[in-house]
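Asks: Top to bottom, those sequences are chains G and E.
To convert, take the position in the first sequence, counting from 1, and add 52; that gives my numbering.
To convert, take the position in the second sequence, counting from 1, and add 2; that gives my numbering.
There may be inaccurate statements among the hints.
To be verified - Between beta-carbon pairs, the in silico distance windows are:
1. G:PHE73 to E:ALA113: 55 to 63 Å
2. E:ASP119 to G:HIS234: 55 to 63 Å
3. G:GLU229 to E:ASP119: 39 to 47 Å
4. G:ASP77 to E:ASP119: 52 to 60 Å
5. E:ARG8 to G:GLY225: 56 to 64 Å
What the hints assert, rightly or not - When the alpha-carbon atoms are kept at most 16 Å apart in a straight line, the in silico EDC-like pairs for lysine to aspartate or glutamate are as follows:
6. G:LYS241 to G:GLU164
7. G:LYS74 to G:GLU94
8. G:LYS74 to G:GLU117
9. E:LYS282 to G:GLU164
10. E:LYS282 to G:GLU156
11. G:LYS91 to G:GLU65
FYI, nobody ran anything at the bench for these hints, they're computed from the structure.
C-beta atoms are modelled at their ideal positions from N, C-alpha and C, and glycine is treated no differently.
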Amino acid sequence: MTTDGGKSQSVVEAKGLGLTFKTADGDVVALSDVNLEIKRGEFVSFIGPSGCGKTTFLRVIADLEQPTSGSITVNGTSPADARLNRSYGYVFQAPALFPWRSIENNVALPLEIMGYGDADRRARIKKALELVNLEGFEKKFPWQLSGGMQQRASIARALAFDADLLLMDEPFGALDEIVRDHLNSELLKLWAATQKTIAFVTHSIPEAVYLSTKIVVMSPRPGRVTDIIESTLPAERPLEIRETPEFLAIAHRVRDGLRAGHSYEE
Amino acid sequence: MTALQRVLAAFASGFALLALIFDFASTEGAPLPVWEFPLVGVFLVLGVLSLVRFRVKISYWVDGVLAAIGAVGLVLALETLQQAEPGYWFALVASWLFAWLFAERLALAIARDEVPDAVGVLIPAIFGVAILVAWEAITRGGNVPKVLLPSPSGIWETLIGNIPRIAADFQQTFLKAVLAGYALGCGAGFLVAIAVDRSPFLKRGLLPLGNFISALPLIGIAPIMVMWFGFDWPSKAAVVVIMTFFPMLVNTVAGLNAAGHMERDLMRTYASGYWSTLFKLRLPAAAPFIFNALKINSTLALIGAIVAEFFGTPIVGMGFRISSEIGKLNVEMVWAEIAVAALAGSVFYWVVALIERAVTFWHPSVRGGRA
Numbered sequence: 053m054t055t056d057g058g059k060s061q062s063v064v065e066a067k068g069l070g071l072t073f074k075t076a077d078g079d080v081v082a083l084s085d086v087n088l089e090i091k092r093g094e095f096v097s098f099i100g101p102s103g104c105g106k107t108t109f110l111r112v113i114a115d116l117e118q119p120t121s122g123s124i125t126v127n128g129t130s131p132a133d134a135r136l137n138r139s140y141g142y143v144f145q146a147p148a149l150f151p152w153r154s155i156e157n158n159v160a161l162p163l164e165i166m167g168y169g170d171a172d173r174r175a176r177i178k179k180a181l182e183l184v185n186l187e188g189f190e191k192k193f194p195w196q197l198s199g200g201m202q203q204r205a206s207i208a209r210a211l212a213f214d215a216d217l218l219l220m221d222e223p224f225g226a227l228d229e230i231v232r233d234h235l236n237s238e239l240l241k242l243w244a245a246t247q248k249t250i251a252f253v254t255h256s257i258p259e260a261v262y263l264s265t266k267i268v269v270m271s272p273r274p275g276r277v278t279d280i281i282e283s284t285l286p287a288e289r290p291l292e293i294r295e296t297p298e299f300l301a302i303a304h305r306v307r308d309g310l311r312a313g314h315s316y317e318e
Numbered sequence: 003m004t005a006l007q008r009v010l011a012a013f014a015s016g017f018a019l020l021a022l023i024f025d026f027a028s029t030e031g032a033p034l035p036v037w038e039f040p041l042v043g044v045f046l047v048l049g050v051l052s053l054v055r056f057r058v059k060i061s062y063w064v065d066g067v068l069a070a071i072g073a074v075g076l077v078l079a080l081e082t083l084q085q086a087e088p089g090y091w092f093a094l095v096a097s098w099l100f101a102w103l104f105a106e107r108l109a110l111a112i113a114r115d116e117v118p119d120a121v122g123v124l125i126p127a128i129f130g131v132a133i134l135v136a137w138e139a140i141t142r143g144g145n146v147p148k149v150l151l152p153s154p155s156g157i158w159e160t161l162i163g164n165i166p167r168i169a170a171d172f173q174q175t176f177l178k179a180v181l182a183g184y185a186l187g188c189g190a191g192f193l194v195a196i197a198v199d200r201s202p203f204l205k206r207g208l209l210p211l212g213n214f215i216s217a218l219p220l221i222g223i224a225p226i227m228v229m230w231f232g233f234d235w236p237s238k239a240a241v242v243v244i245m246t247f248f249p250m251l252v253n254t255v256a257g258l259n260a261a262g263h264m265e266r267d268l269m270r271t272y273a274s275g276y277w278s279t280l281f282k283l284r285l286p287a288a289a290p291f292i293f294n295a296l297k298i299n300s301t302l303a304l305i306g307a308i309v310a311e312f313f314g315t316p317i318v319g320m321g322f323r324i325s326s327e328i329g330k331l332n333v334e335m336v337w338a339e340i341a342v343a344a345l346a347g348s349v350f351y352w353v354v355a356l357i358e359r360a361v362t363f364w365h366p367s368v369r370g371g372r373a
């Protein structure tokens with residue numbers, strides 16, 4: 053892998069990836085024959101009903117699950133090496149902030165573990181909290197903030213260290229629609245400002261279409277990719293773009309892909 | 003006035019009236035009328051007159067002062083009377099009821115913000131004083147044998163009169179055996195818990211062993227520890243170690259599993275090592291469990307050390323004093339030691355609880371929020 057930062061460089065490459073969970077009730081096929089490439093700087097959404105393996109795929113990238121067949125590389129290495137190289141930041145469904153740490157100390161957590169120096173740490177905390185608009189809340193504790201602010205703090209925590217890849221697992225799933233819209237448009241700005249590669253799991257069609265440069269439609273039992281849609285929307289996306297015919301056309305195609313996955317099952 | 007207040011007021015005045023009618027007390031068979039005790043007399047007459055409250059509003063402070071005059075008068079009366087008669091007991095009940103009425107009305111006034119909240123400490127204080135007054139009156143006025151129940155004043159006098167001896171006992175039992183045993187037992191339980199958590203092999207072996215040791219009867223191991231570690235305090239500390247080890251072990255093992263899956267995954271995405279995850283995530287998450295064990299053990303340790311002294315000890319120590327003084331039927335000394343032990347145990351617990359509040363300030367049970 054070269055580090056020229058070219059747009060064509062592939063960050064995640066999965067070939068024939070499969071994952072089967074062994075349970076007491078027998079085998080559950082979570083992923084089957086997934087072929088996918090995520091290129092540097094892309095914003096890729098994974099959408100599908102629950103049980104389609106979208107979260108599992110994200111966890112395989114993060115080396116939190118082990119695939120049982122096929123191959124996957126992250127930054128040209130195995131997911132395990134990518135994890136040990138701290139080459140991605142992961143944002144979970146819940147903020148998962150430590151209640152005994154203030155917001156700034158929560159953001160400092162990965163920096164402490166990865167051994168960043170004191171002055172560097174302080175500068176990075178400041179920058180990360182600015183990116184998510186949480187200046188002035190450094191000394192607060194997580195339980196003193198709203199759900200949306202907590203999730204923003206957890207994004208700041210994933211941005212604080214030098215990882216070019218951001219993995220987000222339904223980060224706004226538990227938030228109400230208005231907060232969600234706001235955070236979505238902020239996330240796009242943040243993506244433009246940081247030039248990171250983002251893999252984003254969601255079950256909301258508008259969210260996926262609004263955010264992504266590429267939408268991966270998945271279907272359950274067994275979890276597999278049914279469609280990959282390259283977005284034709286411009287990079288600059290105000291919230292109103294969601295009423296344009298272009299947006300609705302993509303949303304329609306996503307919906308068709310999801311329906312196809314379902315009819316296959318029934 | 004609430005219904006409860008009306009009932010309390012009526013009964014309080016009613017008992018005051020009864021106390022004026024019945025024989026009050028006697029000495030060597032000769033009756034002692036109530037006007038021999040002016041303070042009690044004033045209390046009873048004013049108590050009956052307080053019935054005007056059903057026509058005119060009376061401040062709750064009047065009830066408080068009435069109860070106080072009655073209590074002081076009744077306790078002072080114990081100096082001269084030999085045997086309390088029905089009138090005395092009615093007066094005691096009346097004084098208790100006035101105190102209750104006062105507490106009831108004061109609580110209501112605090113709820114209505116008529117007086118500052120700080121005055122609220124009066125209410126538990128009234129309860130404590132009322133118990134002591136009733137105890138004093140019943141034991142002395144009723145001539146209860148000291149062996150059954152000595153009076154608070156008798157216990158207090160014994161305590162004050164034997165300060166050097168009790169201080170030596172306290173030092174021997176609490177400052178040496180309890181604190182040393184507590185620190186060693188809790189420390190060992192904590193370290194073994196971390197080892198057990200690290201290794202499934204140790205978990206299978208050590209947890210049943212810890213369980214087994216904790217099931218051993220205290221009175222069985224105490225004499226054995228005396229054989230092993232000698233008569234002085236180390237054998238008592240050893241008993242305390244055995245008693246405090248297991249609660250700490252079990253609680254810490256449970257606490258180390260308290261961190262959520264998501265938080266553990268998070269640490270894994272940072273490629274965080276075992277120790278880093280232990281210190282930054284799992285031990286802070288285990289803190290509420292660990293403090294639970296520390297609080298349980300703070301009282302267990304004292305019990306263990308005192309009981310262990312029943313089985314061979316130098317002639318000092320709270321347990322030794324209790325067992326030897328009960329043999330001499332010197333019950334007041336036993337109660338004095340019990341009072342010191344109860345106070346020391348409460349303060350110990352309170353200090354641990356205070357540290358807990360400072361350390362686990364973030365926990366919903368401490369900050370009073372939801373999870």
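Asks: For the range 55 to 63 Å, tell me whether the beta carbons of ASP119 (chain E) and HIS234 (chain G) fit it or not.
Replies: violated, 42 Å
Asks: If you draw a straight line from the CA of LYS282 (chain E) to the CA of GLU156 (chain G), is it 16 Å or shorter?
Replies: holds, 15 Å
Asks: Starting from the range 56 to 64 Å, see whether the pair ARG8 (chain E) and GLY225 (chain G) falls in it by beta-carbon distance.
Replies: holds, 59 Å
Asks: Need the status of pair LYS74 (chain G), GLU117 (chain G): alpha-carbon distance at most 16 Å?
Replies: holds, 13 Å
Asks: Tell me if the straight-line CA distance from LYS91 (chain G) to GLU65 (chain G) falls inside 16 Å.
Replies: holds, 9 Å
Asks: Take a look at whether the Cβ-Cβ distance between PHE73 (chain G) and ALA113 (chain E) falls inside 55 to 63 Å.
Replies: holds, 58 Å
Asks: CB of ASP77 (chain G) to CB of ASP119 (chain E), is that within 52 to 60 Å?
Replies: Holds: the Cβ-Cβ distance is about 59 Å, inside 52 to 60 Å.
Asks: Verify the proposed pairing of LYS241 (chain G) with GLU164 (chain G), using a straight-line Cα cut of 16 Å.
Replies: violated, 27 Å
Asks: Is the hinted range of 39 to 47 Å satisfied by the C-beta distance from GLU229 (chain G) to ASP119 (chain E)?
Replies: Given range 39 to 47 Å: holds, Cβ gap about 43 Å.
Asks: Can the restraint linking LYS74 (chain G) and GLU94 (chain G) be considered satisfied, given a maximum Cα separation of 16 Å?
Replies: violated, 33 Å
Asks: Between LYS282 (chain E) and GLU164 (chain G), does the CA-CA distance stay at or below 16 Å?
Replies: holds, 10 Å
Of the numbered hints given earlier, the model fails hints 2, 6 and 7; all others are met.
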